[in-house]
Amino acid sequence: MPFVVVGALWAAVVLVISGAIRLGLTLGTVATLSWVAWRRRNQRLEQRVTGRDRATTITGGAAARGGNGPIRRTDRR
Numbered sequence: 001m002p003f004v005v006v007g008a009l010w011a012a013v014v015l016v017i018s019g020a021i022r023l024g025l026t027l028g029t030v031a032t033l034s035w036v037a038w039r040r041r042n043q044r045l046e047q048r049v050t051g052r053d054r055a056t057t058i059t060g061g062a063a064a065r066g067g068n069g070p071i072r073r074t075d076r077r
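1 is the number of the first residue of the sequence shown in the UniProt record's numbering; add one for each residue after it.
No lab work stands behind these hints, which were simulated from the structure alone.
Treat the hints with care, as some may be off.
[Stated by the list, open to error] Per label pair, the in silico range of CB-to-CB distance:
#1 VAL36 x ALA11: 36 to 42 Å
#2 GLU46 x GLY7: 55 to 61 Å
#3 GLN47 x ILE17: 41 to 47 Å
#4 TRP35 x PRO2: 45 to 51 Å
#5 MET1 x TRP38: 36 to 42 Å
#6 LEU15 x VAL49: 46 to 52 Å
#7 ARG44 x GLY7: 54 to 60 Å
#8 THR26 x VAL49: 31 to 37 Å
#9 VAL14 x ARG39: 33 to 39 Å
#10 LEU45 x VAL6: 57 to 63 Å
#11 VAL13 x LEU45: 44 to 50 Å
For glycine and all other residues, C-beta sits at the position ideal for the given N, C-alpha and C.
Could you put together the complete structure from these sequences and hints?
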């Protein structure tokens, strides 16, 4: 009889842990997707206000200053 009680307790522990893992994964996925959507919306709004994409100004470097950076590399043959 004590084996049945111990088995039931172990089953309850496993169920609680697996439920917590599933809940954590679900909440993490929802949070990530909503953050991505919020970020895209923000970038669209900012592009509309400033007239340019903020991502190009963040990188800095020669390409953002108008020089021959790695983005505007010409093909020399």
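* Asked: Which of the numbered hints are not met once you compare them with the structure shown?
  -> The structure breaks only hint 5.
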